[in-house]
Amino acid sequence: MSSHSKGLVGVVKFPGSNCDLDSVNALNYLGIGTELVWHTDFPGRIADFDAIYIPGGFSYGDHLRAGVIAAFSPSLKAIRDFAKEGGRVLGVCNGFQILVESGLLPGALARNDTNTFICKWVGLNTEDNCSFLSKGKLPQNISLPIANGEGKYMADEKTLEKLKENKRIVFTYSSNPNGSALSIAGICNEAGNVVGMMPHPERAITPELGGTDGKEILLRTFKQ
Amino acid sequence: MLESEIDYATKILGHKPNEVELAMLDVMYSEHCSYKSSRPYLKLLPTKGKYVVVGPGADAGVVDVGNGWGVTFKIESHNHPSAIEPYNGAATGVGGIVRDILSMGGFPIALTDSLHFGSVASAHSKWLLKNVVGGIADYGNCMGIPTVSGEVKFNSSYESNCIVNCGCVGLMPLSQMPNSKPLVGQLIVLAGGTTGRDGIKGVSFASRGLTDRSEDDRSAVQIADPLTEKMLVDALEEFKLKKLIHYQKDLGGGGLTCGLTESLGKGGLGAIVNLDRVFLREKGMPTDEVMVSESQERMLLFVERPKLPAVEEILKKYLLAYAVIGETVSEPMLCIYRNNQLLFTTNPIAYTDVPVIQRKEASQPAKAKPKANKDANADGGNEGDNCGAVGGLGRLSPKLLADLLGSQNACSMDWVYRQYDHEVGARTVGKPSLDSALLQLPHTMLSVKTDSNAYLVSHEPRIGTMHVFAENWRNIIARGCLPIAYVDNLNFGNPEREAVMRQFGESVRGMAEASRILDVPCVGGNVSFYNEDEKTGVAILPNPVLMAVGIGTGFLPKPDACRNGDPIYLVNGIDGLYSTIAEFLNKPVAVPAIAMEQEKAAGQFLLGQMGDGKGKCPFKLVHDNSKGLGISALELALRYGFGVQLDADDLFKEGGYLIVTSPEAGKSLISSCGKRNIPIIKVGEIGNGNSISANGVSFDRAGLVERYNILPRMMGYG
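As you go down the protein sequences, you meet chains W and R in turn. Quick note: the first sequence uses my numbering, first residue 77, plus one each step. Quick note: the second sequence uses my numbering, first residue 7, plus one each step.
Certain hints may be false.
To be verified - Simulated pairs of lysine-lysine, DSS-like, Cα-Cα distance not exceeding 30 Å: (1) R:Lys-323 x W:Lys-196; (2) R:Lys-323 x W:Lys-153; (3) W:Lys-153 x R:Lys-322; (4) W:Lys-82 x R:Lys-248; (5) R:Lys-248 x W:Lys-196; (6) W:Lys-196 x R:Lys-132; (7) W:Lys-196 x R:Lys-633.
Unchecked claim - Far from chain W by the CB rule (all over 10 Å, computed), these chain R residues: (8) Met-7; (9) Pro-52; (10) Gly-150; (11) Asp-231; (12) Asn-345; (13) Arg-424; (14) Asp-427; (15) Gly-431; (16) Asp-525; (17) Tyr-646.
Claimed, not checked - Here are some chain R residues pointing at chain W (derived, C-beta under 8 Å): (18) Leu-50; (19) Leu-51; (20) Asn-147; (21) Pro-338; (22) Cys-341.
Hints were generated in silico from the structure; no laboratory data involved. None of the values given here were measured: they were computed from a predicted structure. No residue lacks a Cβ here, since even glycine has one placed at the ideal position from N, Cα and C.
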């Protein structure tokens, strides 16, 4: 964990990230100190941050496969070290895809079963609470928007078994929109400090936008 | 190009145009770039108003939305490219309109569209729809611009010539608007995509009819690269903050030729341009192709020399290819170098001051043609067919409502807009489904909507267009905003045909009248002619698409507040207007006159009730009634999950607003409307569980849901 205690969250921006501003605005709205940093500058700045947020979007235009090119950015090496030391990392949507492609989380995110992009609000069950969401349980049923074309979570049987056993499934869909294995919408790593999720908490901050269930997730993740 | 146009250009150039100049002139004299047939008509449109900052003539209009903020918006057609290569045609339609917004200094915050295809039963139309939607979705989603509003309609006149109009809205502090022209001694930087053989003379292709050979014109369609455009957006934001760019211009139709000559023409300047610097996608591209290529995601930046290093640093950061291709000079001539030699010197004015062509309008509406085949005219109404045609349609059986609901022009478009990320940006308060989109700006709500009604316009272009204008107005009002300006996309057939010019002229005159009375000025637009199938000679139904924006406190439906017994009112419905059911039944439609003053009074009155911003609005639901009151009420019942009991003579009557209130608020609404001579009738009630009935006929709710959501099944999914 980094040494200072300002509670600053580093939001990393790749070429093609497009939820970066929404994420920064949401965190600021919740009173969480935030700085948006270009991915090549990120390794040099990582010591300044208490936690890291990888926002959604289409890093490198989703060329080859969603998240795969960003996974080779030098910033991901730095983020891997940061996570190894117990630093909190949240990846949302493309951020989840990048975490999976860089091996920080297991499995893969494949094309939705509908073979289309899907943008809608979905019901979610909050499952086993990983360490950084654990201070007081989240409500059992929440509602968040999804917006992705490659959001179908897949992993081999053994991995799925392990995720279940170790209580690493953070969110499941109440009605599976895309064919995700075990209806998985979000998972965490073994230590519980790295979370990836397809739904967008940063879009669910005020009632006018359709709901406020994203608030608690961001607060619990970043304001400890 | 016409002989007379070549003579005209020769006179300005002072010499006979060489081969490259001819290619450049050809694109600039195309209908698409020059508006040579439409300009005399567009002059009729009111363009001034208290909100207007920049009117027509710029890359996009700009309006002042208060507190120092400006909104810039525009709509443009990409019909022909989409007709032969729907995915890239539509995607680059989005890319092109976004760059217009960027040229004005706007940060793109919303996309809209208006899409028209042949009957959804045709395999070709299914292919077009699937790929057009896919192209728009992939481009907009990747760029992170929400597609918030739009329409998809079907009529067999669009079978071979679909309509794909894409709009974009941008936001900016007015203080950050770029300059309106370049100055002498500035470096010209070409940034973004590389220049290739895609989109060669795309505008010329767009300015003639589609033929059998059009498939060979695929090289006139550009290829989309949304990542590069996203990088352009991010780079331009940094330039803006650091005030690094003096003037910027997108490269769209006409490519470098258009970008250079229009920029120089505005500034009364010349430039020395070295084409050796331009990044080419392939070797050996001849000079004329370099000058007219419409390769996407390119912009010209005019930079003061000392600022170049800072500009370069940002372009490198965002992985954007760029080259300093020249410099502006005071002598108003464009000097083109290649292989380190001066190729030729040409006068920019010869390209930008294109003479108007006075087209002839037919003096009479076209007579109904004998039917070419069973389908060609069945839903292609002809002007003049409207004499009392649909008397009695209003009292059709309620059972017809269910059939209409499950038809291509009344069913839900969920399948389309769920493919668009309509929420990125975290501004989309009023989401796609009913009425216009509502976006949260820093200090106000902004509403935006595209509307059209080609079927109505085809029967009576002038009054039909006024109805479209009124519908667009109502859609903005229904979201609690005051319409402040609009842009138009005029899709018509071949302007060389007098009958088409009559439709065009009548439509523009109607638009001007509606615009004047409602006090909503035009701030820009696009004209797309030559929308016809040369093989059959059938022009599309004339289709003026309007896109208005409005500002205000905003209104969001309150379905949770609806209770059993709450009355449903039709406020300011239009007697005799039945376009949706008439088109469904393949019947000619009567086009009743529209009382625009009353339309204005009704809109302002409702806005006053909704928009006090103190939460005292007496309305629970407000919904534009453009598909007929029966369908509009079913939409409310199905979207919000409650029951509706309709009791109305005229289930298919259009126009006005459906409004749900409490019974008490309803009484005062009736009396307020009465005082203002705004017609109001009660057409039904919320309630009786979730059961739905009309004039005593009960519907099976599950069956209605199935019909309403029929589009994916019509498309062959699920």
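Each hint, compared with the structure:
1. At roughly 34 Å between alpha-carbon atoms, Lys-323 (chain R) and Lys-196 (chain W) are farther apart than 30 Å, so this suggested pair is violated.
2. With a CA separation close to 20 Å, the supplied pair Lys-323 (chain R) and Lys-153 (chain W) stays within the 30 Å bound.
3. Between Lys-153 (chain W) and Lys-322 (chain R), the direct Cα distance comes to roughly 22 Å. Compliance with the 30 Å bound is thereby established for this hinted pair.
4. A hinted pair counts as satisfied when its Cα atoms are at most 30 Å apart, and Lys-82 (chain W) with Lys-248 (chain R) qualifies at roughly 29 Å.
5. In summary, the hint linking Lys-248 (chain R) to Lys-196 (chain W) is not supported, as the alpha carbons are separated by about 37 Å, beyond the 30 Å threshold.
6. Note on Lys-196 (chain W) and Lys-132 (chain R): the hinted pairing holds, with a Cα-Cα distance of about 24 Å set against a maximum of 30 Å.
7. Of the supplied pair hints, the one linking Lys-196 (chain W) and Lys-633 (chain R) holds, its CA atoms being roughly 25 Å apart against a limit of 30 Å.
8. Non-interface status of Met-7 (chain R) relative to chain W is upheld: no Cβ of that chain comes within 10 Å, the nearest being about 39 Å off.
9. Look at Pro-52 (chain R): its CB is around 34 Å from the nearest CB on chain W, clear of 10 Å, so calling it non-interface holds up.
10. Residue placement check: Gly-150 (chain R) does not keep its beta carbon more than 10 Å from all beta carbons of chain W (closest about 2 Å).
11. Not every C-beta of chain W lies more than 10 Å from that of Asp-231 (chain R), the closest at about 8 Å, which undercuts listing it as non-interface.
12. No Cβ of chain W approaches the Cβ of Asn-345 (chain R) within 10 Å, the least distance being about 34 Å, so the stated non-interface status holds.
13. Against chain W, the non-interface label of Arg-424 (chain R) is violated: not every CB pair exceeds 10 Å, the least being about 6 Å.
14. For Asp-427 (chain R), the non-interface assignment is contradicted: its Cβ lies about 4 Å from the closest Cβ of chain W, within the 10 Å cut-off.
15. With a closest Cβ-Cβ approach of about 6 Å to chain W, Gly-431 (chain R) is found to fall inside the 10 Å limit, against its non-interface label.
16. Remark: the non-interface label on Asp-525 (chain R) is consistent with the geometry, its nearest Cβ contact in chain W lying 29 Å away (cut-off 10 Å).
17. Distance to chain W confirms Tyr-646 (chain R) as a non-interface residue, since its nearest Cβ pair spans about 15 Å, more than 10 Å.
18. Interface restraint check: Leu-50 (chain R) against chain W, minimum CB-CB distance 40 Å, threshold 8 Å, status violated.
19. Given the 8 Å rule on beta carbons, the hint for Leu-51 (chain R) is violated: about 35 Å separates it from the nearest Cβ of chain W.
20. For Asn-147 (chain R), the interface hint holds, the least distance from its beta-carbon to any beta-carbon of chain W being 6 Å, beneath 8 Å.
21. The restraint placing Pro-338 (chain R) at the interface with chain W is violated, with a minimum CB-CB distance near 39 Å, outside the 8 Å limit.
22. Residue-level restraint check for Cys-341 (chain R) is violated (minimum Cβ-Cβ distance to chain W is 36 Å; threshold 8 Å).
When the structure is compared with the earlier hints, violations turn up for hints 1, 5, 10, 11, 13, 14, 15, 18, 19, 21 and 22 and for no others.
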